[in-house]
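S.K.: The chain contents come next:
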Amino acid sequence: MKKNRQIGLDFEIDQLTNSIVNVVSGDSFPTDITIVTVEDLKSVTKKNGWQFLWKTEFKYPERDVYKLTIVNNPTVIQGLLSLEIKADHVYMHLVESAPFNIGKNKIYAGVPGNLVAFACKLSFQRGHEGNLSFLSKSQLVQHYIDSLGAFHFGGRVMIIETNAALKLINKYFPLCKLN
Amino acid sequence: MQTKLKELDVDFIGGQGPLTNEEEKAISEFLKSRKVERMKKHLRFTRTNSRKKVTA
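In order, the protein sequence lines correspond to chains G and L.
According to this note's numbering, the stretch in the first sequence is residues 2 to 180, in order.
According to this note's numbering, the stretch in the second sequence is residues 9 to 64, in order.
In case anyone wonders, no lab produced these hints; they're calculated from the structure.
Model, not experiment: these values are computed from the prediction.
It is possible that part of the hints are untrue.
As the list claims (entries may be wrong) - Below 30 angstroms or equal to it, Euclidean Cα-Cα: the simulated DSBU-like pairs (lysine-lysine) are:
(1) G:K105 to L:K33
(2) L:K14 to G:K138
(3) G:K105 to G:K48
(4) L:K43 to G:K138
(5) G:K47 to G:K105
(6) L:K33 to G:K87
(7) L:K14 to G:K107
(8) L:K33 to G:K56
Please model the complete structure; the sequences and the hints are all you need to start from.
M.R.: Structure (C-alpha cells):
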C-alpha cells in the first residue's frame, strides 16, 4: 500500500537495502561512509589501479574526502568521494569506484550511487536543501538525468535539486526518515 | 505516477576540476531564483487556503 507523503512525491522503494550489491551472488551489504585518513590513502595509488590522485584531493583544505566501506570492514575502500561545501550547495569534485568495482567485472554495484546520495544527504544537513552540483562529460549528461534525476544546467554543469536529492536519499538510505 | 531511476552505471564522476567563478555565480543565481519561485507558490497556496467560502 502506498504511503501518502507530505512532500507529494510518489515513487516506489524497490528494495529495502541501502547498501552495495555483490554482482555475482546478489547479496547486499550495508555500508559506512566516513572521512578518509592519510593511512587509508596509502594504498590508493595509480599503481593499484585508481585513476585519480586522491592524495592530492585530500590535501585541499576546502575539500572533504570520504570513503565508502562495507560495515565491519573499514580497511577495504569500495569507493571515494571528494566534495566541497559551497555557500548554497555542495559541489562534488570527484567520485571514483575502487579498481575492483569498475567495468563489467565489478564485484559490487551501487558504489557511485551511494556516494552521490550521501553528498545529497550532507547538503540537507548543511542547510542547502539537498542541492548538489558536479561537472559532466557531454556524452554522460543524459545518463545522469536518467539515473540521478539530475538537471543539465548548461555547459558541463549538472545540478541535483531538492526533489531529486530526496529520491536518491530514499533509494540509498531508506531508513533515513525524510518528510 | 511512478518514476523509477535507472541504475547509475559509471566508474567515476567529475574529475574535471573545480567550478569556475562564473559557473559558481550562475548556480547561485539559479538556486536563488528557484527558492523565490517555491516561496511564491507556497504563498499563493496559503492565501488561497485562507480565503473563506462565501455563500450567496
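S.K.: Next step is simple, just say for each hint if it's right about the structure.
M.R.: Hint-by-hint comparison with the structure:
The hinted pair formed by K105 of chain G and K33 of chain L fails the criterion: a straight-line CA distance of about 39 angstroms is larger than 30 angstroms. Of the supplied pair hints, the one linking K14 of chain L and K138 of chain G holds, its CA atoms being roughly 18 angstroms apart against a limit of 30 angstroms. For the hint linking K105 of chain G to K48 of chain G, the alpha-carbon distance of about 21 angstroms falls within 30 angstroms, and the restraint holds. A threshold of 30 angstroms between alpha carbons decides the hint, and for K43 of chain L with K138 of chain G the separation of about 28 angstroms falls inside it, so the pair holds.
In summary, the hint linking K47 of chain G to K105 of chain G is supported, as the alpha carbons are separated by about 20 angstroms, within the 30 angstroms threshold. With a CA separation close to 11 angstroms, the supplied pair K33 of chain L and K87 of chain G stays within the 30 angstroms bound. Taking the CA atoms of K14 of chain L and K107 of chain G, the gap is near 18 angstroms; set against the 30 angstroms cutoff, the hint holds. Between K33 of chain L and K56 of chain G the alpha-carbon distance is near 29 angstroms, which keeps this suggested pair within the 30 angstroms criterion.
Going through the hint list in order, the structure does not satisfy hint 1, though it satisfies all others.
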